[in-house]
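There are 4 protein chains.
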Amino acid sequence: MVRAAVQTGPRTIEMREFPRPQTGADDGLLRVEANGICGSDVEIYRGHMGMNPHPFVPGHEPLGIIEELGERAAERWGVQVGDRVALEVIVPCRACDDCLTGRYQACRFRKYGHGVTGIDVAPSLWGGFAEYLYLSPNTVLHKIDKSLPVEIAAMYNPLGAGVRWAVDLGGVGLGTTLLVLGAGQRGLAAVIAAKAAGAGTVIVTGLESDAHKLAVARDLGADHTVVVDGEGGRDVVEVVREVTDGRGVDVALEVTPMAAGPITDAFNAVRHGGRVVLAGLKGGRDIPLNTDLIINRALTVKGAFGVDATANKKAIALLESGRFPLEKLHTHTFGLDEVGVAIETLAGERDDKTAIHVSVHPSAT
Amino acid sequence: MVRAAVQTGPRTIEMREFPRPQTGADDGLLRVEANGICGSDVEIYRGHMGMNPHPFVPGHEPLGIIEELGERAAERWGVQVGDRVALEVIVPCRACDDCLTGRYQACRFRKYGHGVTGIDVAPSLWGGFAEYLYLSPNTVLHKIDKSLPVEIAAMYNPLGAGVRWAVDLGGVGLGTTLLVLGAGQRGLAAVIAAKAAGAGTVIVTGLESDAHKLAVARDLGADHTVVVDGEGGRDVVEVVREVTDGRGVDVALEVTPMAAGPITDAFNAVRHGGRVVLAGLKGGRDIPLNTDLIINRALTVKGAFGVDATANKKAIALLESGRFPLEKLHTHTFGLDEVGVAIETLAGERDDKTAIHVSVHPSAT
Amino acid sequence: MVRAAVQTGPRTIEMREFPRPQTGADDGLLRVEANGICGSDVEIYRGHMGMNPHPFVPGHEPLGIIEELGERAAERWGVQVGDRVALEVIVPCRACDDCLTGRYQACRFRKYGHGVTGIDVAPSLWGGFAEYLYLSPNTVLHKIDKSLPVEIAAMYNPLGAGVRWAVDLGGVGLGTTLLVLGAGQRGLAAVIAAKAAGAGTVIVTGLESDAHKLAVARDLGADHTVVVDGEGGRDVVEVVREVTDGRGVDVALEVTPMAAGPITDAFNAVRHGGRVVLAGLKGGRDIPLNTDLIINRALTVKGAFGVDATANKKAIALLESGRFPLEKLHTHTFGLDEVGVAIETLAGERDDKTAIHVSVHPSAT
Amino acid sequence: MVRAAVQTGPRTIEMREFPRPQTGADDGLLRVEANGICGSDVEIYRGHMGMNPHPFVPGHEPLGIIEELGERAAERWGVQVGDRVALEVIVPCRACDDCLTGRYQACRFRKYGHGVTGIDVAPSLWGGFAEYLYLSPNTVLHKIDKSLPVEIAAMYNPLGAGVRWAVDLGGVGLGTTLLVLGAGQRGLAAVIAAKAAGAGTVIVTGLESDAHKLAVARDLGADHTVVVDGEGGRDVVEVVREVTDGRGVDVALEVTPMAAGPITDAFNAVRHGGRVVLAGLKGGRDIPLNTDLIINRALTVKGAFGVDATANKKAIALLESGRFPLEKLHTHTFGLDEVGVAIETLAGERDDKTAIHVSVHPSAT
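Here the protein sequences line up with chains A, B, C and D, keeping their order. Each residue of the first sequence is one higher than the one before, starting from 1 at the first, in our numbering. Each residue of the second sequence is one higher than the one before, starting from 1 at the first, in our numbering. Each residue of the third sequence is one higher than the one before, starting from 1 at the first, in our numbering. Each residue of the fourth sequence is one higher than the one before, starting from 1 at the first, in our numbering.
Don't take every hint at face value.
Once the Cα atoms are required to be at most 30 Å apart in a straight line, the calculated DSS-like pairs of lysine-lysine come out as [said to hold, decoys possible]:
#	chain 1	residue 1	chain 2	residue 2
1	B	LYS111	D	LYS111
2	A	LYS111	C	LYS143
3	D	LYS313	D	LYS111
4	C	LYS353	C	LYS328
5	C	LYS282	C	LYS143
6	D	LYS313	B	LYS111
7	D	LYS353	C	LYS282
8	B	LYS111	B	LYS143
9	B	LYS328	B	LYS282
10	C	LYS313	C	LYS146
11	B	LYS143	D	LYS111
12	A	LYS313	C	LYS111
13	A	LYS111	C	LYS353
14	C	LYS146	C	LYS282
15	D	LYS282	D	LYS146
16	B	LYS111	B	LYS353
17	C	LYS313	A	LYS111
18	B	LYS111	A	LYS282
19	B	LYS111	D	LYS282
20	B	LYS353	B	LYS282
21	C	LYS111	C	LYS143
22	D	LYS328	D	LYS282
23	C	LYS282	C	LYS313
24	B	LYS313	D	LYS282
25	C	LYS313	A	LYS143
26	D	LYS353	D	LYS328
So these bits of chain D aren't anywhere near chain A, every CB distance computed over 12 Å [what the hints assert, rightly or not]:
#	residue
27	GLY24
28	HIS48
29	ASP168
30	LEU174
31	LYS195
32	LEU207
33	GLU231
34	ALA260
35	THR310
36	ALA317
37	SER321
38	GLU338
Just so you know, the hints here were simulated from the structure itself, not pulled from any lab data. Here a beta-carbon is modelled for each residue, glycine too, at the ideal position from N, C-alpha and C.
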């Protein structure tokens, strides 16, 4: 039997046992080492995402060791039993036009997803908050160095987001100036990705309560950090103008959860013709925006939807390079019985408000 | 002396006379044949744009014949006295980094602009609502076939907008599906540009009162037109889903003046990963927008700021090709004494509500 | 039993019979309607491509009707029994990183290919010169309108090449000027694709013996055709300079088989910063090239490797639109017993030198 | 009077004196601090470039302090007397369509160039091998930190080439693998630029006699260096396959002078769909190339023509960042009387074969 955390409703997670899945030539079984937690987990836990078919096994950033592997699966994925792999959320159909042309994240025919499929879909073990996870034939996975500490390897997903959002979507490269609005794990990962790609000046914003995160931002190479609330709070657009000789940054990345103001800040902080990447979900509510700014300032605004294989590959190579002190991002490790506590810790709902990167390690139970 | 229409305040235009400018080796003089009118003229006339230094000679789409030309200007521009040319609004510095790298529309050092510079700046005749216009050394101009009817040639600017907004910014090319929200001269010009570039299905929206514009849209090649108000009004997103087999269009171009709803329609009507081009100014007011749509649908939103040389060249080639029945767009010609009436006619403030393309011809006075 | 043409060695094709393949949930069977022939077929026939595992069933441009289809295959491909489909040569693994990111043409793990896999690989019927063809689970196919004449529908592959080579790789769009070196079926298809995408001036070269092909080029919209050999032969670079006001074309597409000179012509005929697409194979031999031209003229040279799904989709939409007189390209239809004659006819090895598009129709036997 | 080195014919340079130029509102005068030497200087010195109108003042990488500056020039360039600036070779017209759209390097109307204009064109002092250089109104210049050692600042041009060739044209960014064929100053500069932009594995080739250059390459971050001649010489394609797990590199940059073989090596060393940047001039001679490789491997080949403003800006920012030990590249400083010796030293024509970066400092005379 396999133990797994099952979410049965908003803020309700219970431990259950499932039969160990049978695997064949095309699929496999993953022994979960760790599963990172991000803002989406918080929203899912609170029941805000709407899309989850309760009950289900959450956890969409699984890292683990391949325990069983079919012959055709081994050949297709280029991995073998004992390899450490990182999984993507989306399990695409691999056959439609979108999949064929590299846009598998837009696949309209996908049926499963790690951490989002219900336990009614056999063999139930789709999410990462479990001892074992089923590797479906269409699962997307990436090999990752086994010698990395598990906490570091488990950061492939936020770092993949940093790469995709700042570099691939934002176009940050050699000399590009960047404003990151929000100093959570993904904002900090964006600093790493941007600096690794040769960014020029990088500015990061946060709240007074984010002082420890902004310190990490500076350790990672951020050139300026700005506290935007409280008594000494600064207007971020003003700071950007000062720092960029009145010109504005090339790119702004918005990763704050729920706040409306930073989007307008982003529009005003980039230069004429600049780019704004939106990644911070706002709970589906309407945000008042002066769209004339987008027109008159000739902006490009891009929505940051998930992480793809290209970004994950680059992120894993960055992890493996050891170039950045990623251990500074990891703050909390929990066991499988503590998934709810883990999520609430990341959400800042607990007394301990210091969380940056939090992960659940089944073997730590 | 040169007669010119001078705007001295909101909705106040009077005729004045100015001395004919002296020209030298680096500049020239244009005999204005026509000057088209667009939505910006309406906003400027109403005093909403804020940026205009009254009094000034409006008119930022000048078409004319070169009457005087300095030796160095002739060489630099590659034109001669007697040539017909179309002018761009922006008179860039041609020296800063933005100018050097082709982004002269972002030039922060420009001092003049056709139709936007005050009469206090010598030699006063900067706008197109005048018999003659001063060609400054940094003016950007494009040669255009003299054999075209003046009303057709005067459409270089809206057609340039159609090319830039749909094709260059929207990326419309062979097989691309396009939704154009708004059936004014620029929406119709976008239909022309898109079809010329090989677009697949093109859908155009309008109001009940736009019936004649939607008929022109169909004449120009639009595959579907949708009336969105009144009794038979349809939900545009629903129509797009029907027409695109549930998938959504690749690109949506929003060119309605002041309306908020079409932006959200655009977000919902494009496919996952699609592109939305915003060109319709909303008077600087805040529009409520669900930005999660941009993220979850992986959208790219681009602001359409003006027309550049690349788009103008393509538009002029299209005009000269005679491939499209552009005469169907031209509805009104006025003389120099009637600039206010001309603008009010385009704005639909007069009894005659049929205006699509309106131009002022100084020689028609 | 299924009849198929089997190539057993260079210039040796014989008719054989194979058991009708058994199909299951993941695969299917195609009743071949037609299979077009291109220059690669000639090279394969002559034994120059080297890569073919004799004996094998050639024919890599199969068009047909789905006769049998597994349940999962139907769902994955979005088609049903009775649909007409066009096939791609490459049968990718659909699992490796290249496949996942849309570069399935670079898939290093593919094992099969239509028209290139040996009969020793079950179920033998991989090529289009057969009554039936096996649809493997990873086959890439595209639905195509059944109401099109079979000769027209069979042109999906050359038209796909025209789209990919001129438009997707060459970047031909609104107003782009193009030189096509070579007036075979793919050169002519490039004219169609370029004009459909809004190209400006299009110039096509050919030999004296290509007079009928150049006439078709003009019918398809080519602005200039140039005969480059014989008494009245012109220097193509000189003609391009005349026609483009001394500037050169934006893009040149080289599709001549085996000739060396046209590559240098292409380098000289494009403007500074222009693009050259190479598609004409030269038998693997060394061509003397002044590479300093590539540097000093800031050229981009691209190799045109096959056709991908994006280009095939656009080509099929163009076919279905009926916008171009494609029937002018089709010159010869042969039966299944005449594959060798069909190939030799396209190659100009027979008395009849008029071939442009040639196809084999199994039912015409 | 101003002292300058004047080339009167192949390998013939003599010192002459010219009147100090008069400057006005639009131009200025530069006190030359240093002028770097590159492979083009060698070719020009030998009389192989053909384009130079003897006699002329060579030196096309001038670095200096602004000594005189007109009011309009100051405003246009955004600099003042006393600023240190780096100059570009090309003095474009700033008016034609190419200039307007950012392609000023293709300007067909330019008349002057630093280091390439004859002394018959007033005021004669166009090149950098002189005490003072004339700043024409259309000169392109970039401000650079005065606190940098002059030898380091003088490397703006090779580093600009490294940025443009590897990053801007080659597309090297986060995780990209790169092969640099040739270990001269520009090859080494490409290593710097690539590593600054986050490149993955970088491999550099050289000859046995380049041992000291390959050592510098490793100091700059190159992951592998390969000696390709002599007894222990390796086949570079073989090494690349080993190092990249059989896949090939993403990008190859060819910067060897005159050698033919490295181009074919580049074609074979990149992955399917990879990019090859050609920068090594071959004296205008024909190189035998198997162009089928370009087609079958779906390659993109780009010619690296000079350095533009975008690349120079990024290079100057890199210089100013102090991130790389650039001093390891500078090997020789000469005075104004030793221009011939300086060029011959870079060319390896002298006994001292150790030159990497060589510059002439007028004040060192």
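Hints and how they fare:
1. LYS111(B) / LYS111(D): 27 Å, holds
2. LYS111(A) / LYS143(C): 23 Å, holds
3. LYS313(D) / LYS111(D): Cα-Cα ~24 Å, so holds.
4. LYS353(C) / LYS328(C): It holds: about 16 Å lies between the C-alpha atoms, which stays within 30 Å.
5. LYS282(C) / LYS143(C): At roughly 33 Å apart (the allowed maximum being 30 Å), LYS143(C) and LYS282(C) break the hint.
6. LYS313(D) / LYS111(B): Cα-Cα ~25 Å, so holds.
7. LYS353(D) / LYS282(C): Since the Cα atoms of LYS353(D) and LYS282(C) sit roughly 42 Å apart, the hinted pair is violated (cutoff 30 Å).
8. LYS111(B) / LYS143(B): 24 Å, holds
9. LYS328(B) / LYS282(B): Roughly 28 Å separates the two Cα atoms, so the pair holds.
10. LYS313(C) / LYS146(C): 15 Å, holds
11. LYS143(B) / LYS111(D): Measuring from Cα to Cα gives roughly 23 Å; hence the hint holds.
12. LYS313(A) / LYS111(C): Holds, because 25 Å separates the two Cα atoms, which is no more than 30 Å.
13. LYS111(A) / LYS353(C): This hinted pair is violated, its Cα atoms lying about 54 Å apart.
14. LYS146(C) / LYS282(C): 37 Å, violated
15. LYS282(D) / LYS146(D): Violated, at roughly 37 Å.
16. LYS111(B) / LYS353(B): Violated, because 37 Å separates the two Cα atoms, which is more than 30 Å.
17. LYS313(C) / LYS111(A): With Cα atoms ~25 Å apart, LYS313(C) and LYS111(A) stay inside 30 Å; holds.
18. LYS111(B) / LYS282(A): Violated, because 41 Å separates the two Cα atoms, which is more than 30 Å.
19. LYS111(B) / LYS282(D): With a Cα-Cα distance of about 47 Å, the restraint between LYS111(B) and LYS282(D) is violated, given a limit of 30 Å.
20. LYS353(B) / LYS282(B): 21 Å, holds
21. LYS111(C) / LYS143(C): 24 Å, holds
22. LYS328(D) / LYS282(D): Holds - the C-alpha atoms of LYS282(D) and LYS328(D) are around 28 Å apart, at most 30 Å.
23. LYS282(C) / LYS313(C): 29 Å, holds
24. LYS313(B) / LYS282(D): Violated, at roughly 37 Å.
25. LYS313(C) / LYS143(A): With a Cα-Cα distance of about 34 Å, the restraint between LYS313(C) and LYS143(A) is violated, given a limit of 30 Å.
26. LYS353(D) / LYS328(D): 16 Å, holds
27. GLY24: 29 Å, holds
28. HIS48: The claim holds: HIS48(D) sits with its nearest Cβ about 33 Å from chain A, beyond 12 Å.
29. ASP168: With a cut-off of 12 Å, ASP168(D) comes too close to chain A, as the shortest Cβ separation is near 9 Å.
30. LEU174: Per Cβ check, LEU174(D) is inside 12 Å of chain A; nearest 4 Å; violated.
31. LYS195: 9 Å, violated
32. LEU207: 29 Å, holds
33. GLU231: Holds, since 34 Å exceeds 12 Å.
34. ALA260: 31 Å, holds
35. THR310: 9 Å, violated
36. ALA317: 5 Å, violated
37. SER321: Since the minimum Cβ distance to chain A is about 9 Å, SER321(D) lies within 12 Å and the statement is violated.
38. GLU338: 35 Å, holds
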